Every structure is written in structure tokens, then in C-alpha cells.
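Colleague: In case you want the letters, here they are:
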Amino acid sequence: MSTATAPRPAAPVAEPPKPPKPPRRKRAKRPIESDGVFAPTVMTRIGLAFVAVLSIFPLYWMIVIASRVSSDASGFPPALLPGGNLGEHIQEALTNPEANLLLGLRNSLIITGTVTFSVVLLSTLAGFAFAKLRFRGSKILMATVLFSMMVPLQQLGVVPLYMVMVELEWLDTLQAVILPFLINGFGIFMMRQYVDQAIPDEIIEAARIDGATTFGIWWRIVLPALRPAMVVLGLLTFMLNWNEFLWPFMVLSEQNPTIQLAIRQISTATWAADLSMIFTGTLISIIPIAILFVVFGRQIVHGIMEGSGK
Amino acid sequence: MTTRNAAPRLTLRERLNRADVKITPYALVSPYFILFALFGVFPMAYTLYASLHEWKLGNAERTFVGLDNYEFLLTTYDRFNWSVVNTLGMFIMATVPQIVCAMMVANALNKRLRRPMMWRMLILAPIVTSVVAVGVIFARIWGAEYGMVNGALELIGIDGIDWQTGRLSSWLAISSMVDWRWMGYNSLIFLAAMQTIPRNLYEAATVDGATPRQQFWKITIPQLKPVLIFTVFVSSVGGMTLFVEPMMFGSGRLNGGADGQFQTTAMVLVDILRTHGNYGISAAAGWLLFAVIGIVAAINFLVVNRIQGNK
Numbered sequence: 001m002s003t004a005t006a007p008r009p010a011a012p013v014a015e016p017p018k019p020p021k022p023p024r025r026k027r028a029k030r031p032i033e034s035d036g037v038f039a040p041t042v043m044t045r046i047g048l049a050f051v052a053v054l055s056i057f058p059l060y061w062m063i064v065i066a067s068r069v070s071s072d073a074s075g076f077p078p079a080l081l082p083g084g085n086l087g088e089h090i091q092e093a094l095t096n097p098e099a100n101l102l103l104g105l106r107n108s109l110i111i112t113g114t115v116t117f118s119v120v121l122l123s124t125l126a127g128f129a130f131a132k133l134r135f136r137g138s139k140i141l142m143a144t145v146l147f148s149m150m151v152p153l154q155q156l157g158v159v160p161l162y163m164v165m166v167e168l169e170w171l172d173t174l175q176a177v178i179l180p181f182l183i184n185g186f187g188i189f190m191m192r193q194y195v196d197q198a199i200p201d202e203i204i205e206a207a208r209i210d211g212a213t214t215f216g217i218w219w220r221i222v223l224p225a226l227r228p229a230m231v232v233l234g235l236l237t238f239m240l241n242w243n244e245f246l247w248p249f250m251v252l253s254e255q256n257p258t259i260q261l262a263i264r265q266i267s268t269a270t271w272a273a274d275l276s277m278i279f280t281g282t283l284i285s286i287i288p289i290a291i292l293f294v295v296f297g298r299q300i301v302h303g304i305m306e307g308s309g310k
Numbered sequence: 001m002t003t004r005n006a007a008p009r010l011t012l013r014e015r016l017n018r019a020d021v022k023i024t025p026y027a028l029v030s031p032y033f034i035l036f037a038l039f040g041v042f043p044m045a046y047t048l049y050a051s052l053h054e055w056k057l058g059n060a061e062r063t064f065v066g067l068d069n070y071e072f073l074l075t076t077y078d079r080f081n082w083s084v085v086n087t088l089g090m091f092i093m094a095t096v097p098q099i100v101c102a103m104m105v106a107n108a109l110n111k112r113l114r115r116p117m118m119w120r121m122l123i124l125a126p127i128v129t130s131v132v133a134v135g136v137i138f139a140r141i142w143g144a145e146y147g148m149v150n151g152a153l154e155l156i157g158i159d160g161i162d163w164q165t166g167r168l169s170s171w172l173a174i175s176s177m178v179d180w181r182w183m184g185y186n187s188l189i190f191l192a193a194m195q196t197i198p199r200n201l202y203e204a205a206t207v208d209g210a211t212p213r214q215q216f217w218k219i220t221i222p223q224l225k226p227v228l229i230f231t232v233f234v235s236s237v238g239g240m241t242l243f244v245e246p247m248m249f250g251s252g253r254l255n256g257g258a259d260g261q262f263q264t265t266a267m268v269l270v271d272i273l274r275t276h277g278n279y280g281i282s283a284a285a286g287w288l289l290f291a292v293i294g295i296v297a298a299i300n301f302l303v304v305n306r307i308q309g310n311k
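Protein chains in written order, with UniProt numbering: chain U, 1 to 310; chain S, 1 to 311.
No lab work stands behind these hints, which were simulated from the structure alone. It cannot be assumed that every hint is accurate.
Below, simulated DMTMM-like cross-link-like pairs (lysine to aspartate or glutamate); rule was C-alpha separation at most 25 Å, straight line [as the list claims (entries may be wrong)]: (1) Lys56/S / Glu169/U; (2) Lys22/S / Glu205/U; (3) Lys22/S / Glu169/U; (4) Lys139/U / Asp196/U; (5) Lys56/S / Asp172/U; (6) Lys225/S / Glu306/U; (7) Lys139/U / Asp20/S; (8) Lys22/S / Asp196/U; (9) Lys22/S / Glu306/U.
Every value quoted in this text rests on a predicted model; they were computed, and no experiment measured them.
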């Protein structure tokens with residue numbers, strides 16, 4: 001196949017944000033050694049290019065179909081170049097009263113924004129406490145946090161949580177979707193690791209001697225040092241919650257959806273049998289995350305790689 | 001420390017200080033435990049209670065029925081047992097190729113490439129897509145009449161397949177969604193672990209005349225054991241709670257095809273709760289699913305441990 005030499009599709013995610021000249025790249029500085037293992041062969045490059053094309057293609061194809069008419073999606077080979085209808089389709093999708101896309105976007109922004117802010121803030125507080133403060137039971141409490149990360153509470157808890165929401169008459173309200181997600185074990189774990197590495201004990205001792213309160217230490221020393229980690233945690237949390245489906249599906253109605261619920265509605269509704277409309281809606285739902293990915297891709301990659309290394 | 005046996009009278013400032021050191025840590029970690037108790041522990045315990053009762057939505061009446069709900073799911077309600085089979089099948093079909101591919105991609109990314117960040121971002125790009133969007137796009141790619149896969153098959157003279165109707169064919173289509181979205185993410189996790197392997201291991205092996213392939217199997221794979229266990233665990237939980245992909249593949253419905261051929265256990269649970277409003281039975285389904293996840297995770301742990309030991 002000629003996939004390796006094919007021009008890279010101009011998907012919104014294809015460009016790295018900055019020219020790659022990272023100052024601290026250990027590998028580049030080292031003298032050439034054990035080249036046999038680490039030198040890329042032609043097959044390495046072809047294989048990677050093939051995987052990259054597979055990664056991008058469905059996204060690219062979605063844009064192609066969203067910008068053309070539906071009938072172009074059928075047959076083989078499929079249409080591969082964007083058409084000229086994208087702007088028109090986006091306008092149509094956003095203004096269609098049955099599609100609820102604007103409401104979905106608004107709800108998703110409120111929910112995801114609130115949850116992200118809260119997760120980042122509360123995680124720095126708890127992570128700081130677990131990393132640097134001595135208090136009775138801290139080991140057991142941290143073990144509880146780690147253990148809770150492993151339990152798939154969402155599936156098990158969905159029944160009673162739903163019952164609780166029925167009792168509280170919170171069905172179809174945004175707080176029902178926000179409250180259970182305001183903090184999670186992963187955020188605490190990540191912040192604890194980062195505080196541990198980034199802040200020496202001596203600085204905190206010194207601040208204490210100078211009369212700083214615990215809260216003051218958090219505000220003046222911990223928070224500024226944690227900024228890079230907060231960006232990463234914020235990005236990962238935002239992506240995760242923007243894409244959340246099951247719980248909003250349980251408690252929200254079709255009249256008050258998140259963007260993901262709105263996409264499901266569009267893709268199943270009979271009035272929207274028009275494929276290019278469905279793909280336009282789907283494209284709209286991806287745009288916020290795609291922008292984040294293009295702007296902060298480097299941090300997201302680092303966040304995923306660092307979060308796992310420990 | 002110094003205040004322990006010091007002056008009997010403490011100033012207000014000192015007392016506040018002491019309280020600050022002693023109590024504030026609990027205040028800082030309390031939000032998590034309050035929310036965890038409310039939305040984690042309590043629901044779990046309550047699910048156990050509900051699963052032992054006949055209890056329907058909008059009905060205050062509840063009667064204790066012991067294990068009847070569990071018995072109903074395991075012996076009478078065929079869809080439940082089939083859903084466990086479906087979920088397991090899709091989990092295996094999605095996870096095994098995914099981990100093998102992710103390992104190969106990570107190995108390639110670990111070489112001395114130009115523009116490493118560009119490659120990583122390209123490989124990771126599918127993660128921007130929500131699961132719903134993946135479902136929307138892939139349901140069309142695997143479509144029976146106009147789908148791209150069938151189009152390609154017809155080109156080489158094979159009649160189009162109705163991917164939705166068969167059990168294995170629908171599993172294949174759904175697995176492709178999971179693989180596409182998560183493969184890049186897992187490659188980056190493996191890559192991070194590969195970068196922590198000391199380079200001198202490879203240098204020594206090269207001096208001893210080991211080929212790159214031998215070095216991959218004898219050095220890289222054994223060193224990746226912890227991260228492999230981690231990834232398999234996360235994939236087990238994610239795979240056994242599969243919900244959105246099969247639902248979107250079945251046009252957004254919860255029945256998983258006409259005969260439930262791709263209905264997962266999570267879909268059965270939600271269907272019983274939302275469509276039939278039956279708290280008791282869906283709670284029992286939740287606990288059974290939890291048990292299955294535990295068993296699968298344990299088996300996977302043993303398997304990964306074994307394979308590593310032999311190599």
C-alpha cells in the first residue's frame with residue numbers, strides 16, 4: 001500500500017503546537033551508543049506512519065462527510081476530500097430546535113468546568129496533606145484512596161445513586177451530574193506524588209517557623225509549585241468528564257442533555273437520518289477537546305506518561 | 001514538639017497554632033472522604049440491601065426475598081448469562097490485539113525518532129473523540145449497506161456482511177471501537193515504562209551479541225511486567241463495564257441487537273433499571289457484575305504473571 005507516502009490528512013490534530021526543541025531531552029545529548037536497538041529502521045517508520053494514518057483517518061473522514069452531502073459517504077472508495085458545506089451544516093445543526101446541541105454544549109461546559117475546577121483544587125489540598133503533613137491515620141486514609149481507585153464504583157453504585165436522586169427529586173438537574181464527581185482518588189494520588197517531588201520538607205519547616213499557617217503554606221508555597229501538575233490534571237479531568245456518558249444518561253432527560261446525550265439523540269432520531277448532519281453534530285461535540293489537544297498536546301502526552309510511570 | 005512539656009499557659013496564638021497543625025490536615029482530606037462515603041460506600045451497601053428485596057421504582061412497598069433476584073438473573077433471565085458471555089468475548093477480542101499492538105507501537109516510539117512529540121500526538125489523537133462519537137463514526141464504517149468495510153470487501157469479491165446480526169461479527173466491530181480509541185493511550189503508558197529501563201542493559205546485551213528481537217523479548221518485556229499488570233487490570237475493569245460502544249452500535253438502544261447478541265452486562269443492568277424500573281434485580285445484577293470483574297481481574301493477574309515467568 002502507499003499509505004506511508006500518502007500526504008498527511010489535514011485534521012485539526014495533526015500539527016504539534018511547538019517546533020520540537022525541548023531543552024532537556026536526555027537521549028539527544030548522549031553519545032551514540034547501542035545504536036543497533038534504538039536506531040529506527042525503515043519498517044519502524046512505515047509501521048508508525050500506518051498506525052498514525054489509522055488513528056487520524058476516522059476523525060478526518062468525519063470532517064469530510066460533515067462537509068459534503070450524505071450520499072457521498074456510501075460506496076467504495078469513500079469520498080476523501082472535504083466539500084464546501086461545513087459552515088452551512090454547522091449552522092443548521094446548531095439552530096435545529098430538536099437537536100438541543102447548544103443546550104448540550106452549555107450544560108456540558110457548566111458540568112465539566114465545575115467538576116474540573118473542584119477536582120484540581122480539592123486534589124491539591126488533599127495531596128499536600130498526604131505528602132507533607134503528619135497526622136494520625138494518614139497511611140490508612142491514603143490506602144483507602146488507592147483502594148477506592150481500583151473499585152468500579154460507577155457500575156455498582158449506579159442503582160442506589162439513581163434511587164437517591166429520585167428521592168431528592170434531583171432527576172434532570174445538573175447538580176445530580178456534578179456532585180458525585182467533585183473529587184476522585186486519581187487526582188489526590190497524582191498531586192501527592194507531585195508535591196512529594198517538587199517541594200522539599202525544609203521549605204515547609206521554614207515557613208512554619210516564620211509563623212505560616214497550614215492553609216497559608218498551601219496557598220503561598222504549594223499552589224505556585226503545583227501549577228504544571230494542575231494544568232495536566234485539569235486537562236485530563238476536563239477530557240474525561242466532557243466525554244462522560246453513563247451517569248448523565250441515567251439522570252438527565254432528552255430535553256436537558258449534555259453534549260454527549262445530544263449526539264446520541266441526533267444519531268438515533270428519524271428526522272436526522274441525514275448522515276452529514278449526524279457527523280456535523282459529532283464534529284461539534286469534539287471541537288472543544290480537539291482545541292485543548294492541539295494547544296496542550298505536549299502536556300497531555302507528558303501527563304499520561306508521567307501518571308503511569310509510578 | 002517543643003510545646004509538649006513547656007509553659008503551662010499557652011498564648012492564644014500558640015493554641016491556634018497547635019490546633020492548626022493537628023486539625024487542618026483532616027480538613028484538607030475530608031472532602032474526598034465525605035463524597036466517597038456519600039457516593040461510594042453508601043451506594044455500595046445500599047445496593048446489597050436493595051438486591052435482597054423485591055423493589056420497584058415508584059413503589060414504597062418492598063419485600064425481603066433473599067437471593068431470589070440473583071437466582072432469577074442466573075437461571076431464568078437468559079439475557080443476563082448471555083450478556084456475561086458477550087462482555088467476556090468482546091473484552092478478549094478488544095484487549096489482546098490492543099496490548100500486542102500497543103507494545104509494538106511503544107517499541108517503535110522508543111527508538112531515536114525525529115519529532116518524537118509529533119508521533120506521540122498522532123498516535124494519541126483518537127483519545128479526543130468521545131466514546132459516543134466513536135460509536136457514531138464506527139457504526140457507519142461497519143454499516144451493512146453503505147459501510148466502508150463492506151465496500152472494501154465487495155471490491156475483492158466478498159459479499160457484504162451484516163455485521164450487526166452475527167455474534168462474532170458484532171463483537172469484532174465493537175472491539176475495533178475500543179481498540180481504536182485506547183491503543184495509542186496504552187502505547188504511551190508502555191513507552192513511559194520502556195524509557196525507565198536502564199540503557200546499559202541493552203548495551204551489555206549488544207556486546208554479548210543479542211539481536212534487537214532477543215533484546216525486546218528478554219529485556220524489554222520482563223522489565224514491563226508491573227506496567228503490564230496495571231494495564232491489564234485497567235483494561236479488565238473498562239472492558240467488563242463496556243456500555244456506550246455496543247449501545248451506539250445498536251442505534252442507541254439497550255437491547256444489544258435483536259437477540260441481544262452484543263448486549264453487555266452493563267447494558268442489562270441499565271435496561272432493568274431504566275426500562276423496567278426494577279431496583280432489586282438491577283442491584284443484584286450490579287453485584288454479580290462486580291463479582292465477575294473481580295474474577296476476571298484475578299485470572300488476568302495470574303496469566304500475566306505466568307507468561308512473564310516463563311520467558
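Colleague: If a hint holds in the structure, say so; if it doesn't, say that too.
Modeller: Structure-based check of each hint:
At roughly 17 Å between alpha-carbon atoms, Lys56/S and Glu169/U fall within 25 Å of each other, so this suggested pair holds. A hinted pair counts as satisfied when its Cα atoms are at most 25 Å apart, and Lys22/S with Glu205/U qualifies at roughly 15 Å. Between the alpha carbons of Lys22/S and Glu169/U the distance comes to roughly 39 Å, so the proposed pair goes past 25 Å and is violated. A distance of roughly 15 Å separates the Cα atoms of Lys139/U and Asp196/U; the hinted pair therefore holds under the 25 Å criterion.
Of the pairs offered as hints, the one joining Lys56/S and Asp172/U holds, with about 20 Å between alpha carbons and a cut-off of 25 Å not exceeded. About 17 Å separates the Cα atoms of Lys225/S and Glu306/U, which keeps this hinted pair within 25 Å; it holds. For the given pair, Lys139/U sits about 20 Å from Asp20/S by alpha-carbon distance, which is consistent with the 25 Å threshold. For the suggested pair Lys22/S and Asp196/U, the alpha carbons sit about 20 Å apart, so the restraint of at most 25 Å is met.
Restraint check for Lys22/S and Glu306/U: not satisfied, since their Cα atoms lie roughly 33 Å apart, outside the 25 Å limit.
Of the numbered hints listed earlier, those contradicted by the structure are 3 and 9.
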